[in-house]
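> Can you build the whole structure from these sequences, using the hints too?
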Amino acid sequence: MRPAVRIGDGRSVDPGAESLRKRRPIAIAFFAYALGLFVLTHWPRLTVEVEGIDRPDLFIHVAAYGLWTALLIASGLLGSWRSTATVLRCGLVAAIWSALDEWSQGLPFVQRHATWDDAFANWAGVGLATAGGLIVARLASRPR
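Residue 223 is where the sequence shown starts when you use my numbering, and the numbers rise one by one after that.
Derived from the structure by calculation, the hints contain no laboratory data. Where a beta carbon is used, it is the ideal one built from N, C-alpha and C, also for glycine. Incorrect hints may appear among the rest.
[Claimed, not checked] So the derived label-pair ranges between C-beta atoms look like this:
hint: 1; residue 1: 306; residue 2: 260; range: 27 to 35 Å
hint: 2; residue 1: 346; residue 2: 255; range: 13 to 21 Å
hint: 3; residue 1: 364; residue 2: 262; range: 36 to 44 Å
Structure below.
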């Protein structure tokens with residue numbers, strides 16, 4: 223249990239609770255984004271076409287799961303974003319979730335396709351966001 227910290231007017235504040243209050247909007251944004259992404263990835267027969275690009279959906283997969291991972295890290299739901307262990311934990315959760323999301327698109331009633339190239343694009347986004355999170359966590363933990 224963390225000790226309470228006394229502030230100027232004599233009140234005591236739990237530093238962990240203060241951090242959670244500050245991160246609550248990011249956590250809400252993460253859950254809203256995760257729900258929206260789940261709906262879009264399971265929308266029947268949804269296709270994305272861009273003239274001149276054969277598979278624009280792969281870029282969308284990278285960006286979508288990169289943002290999913292970054293929001294999870296920033297939300298503080300799995301621990302402090304300044305912790306290497308937390309960033310790695312978030313990356314693992316994101317990789318597993320993205321695989322489950324891709325797999326579930328192959329269920330017959332969803333009327334979508336589950337493909338390996340989509341899964342690899344998801345994991346590329348997760349990997350990029352995790353690498354970025356590790357860099358930021360390392361920079362934030364350096365003494366000034």
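> Against each hint, give a clear statement of whether it holds in the structure.
A quick look at each hint next to the structure:
1. 306 to 260: 27 to 35 Å: The hinted range 27 to 35 Å holds for residue 306 and residue 260, with Cβ atoms some 28 Å apart.
2. 346 to 255: 13 to 21 Å: Check passed, 18 Å falls within 13 to 21 Å.
3. 364 to 262: 36 to 44 Å: Because 38 Å falls inside the window, the suggested range holds.
Hint check: no violations occur; every hint is consistent with the structure.
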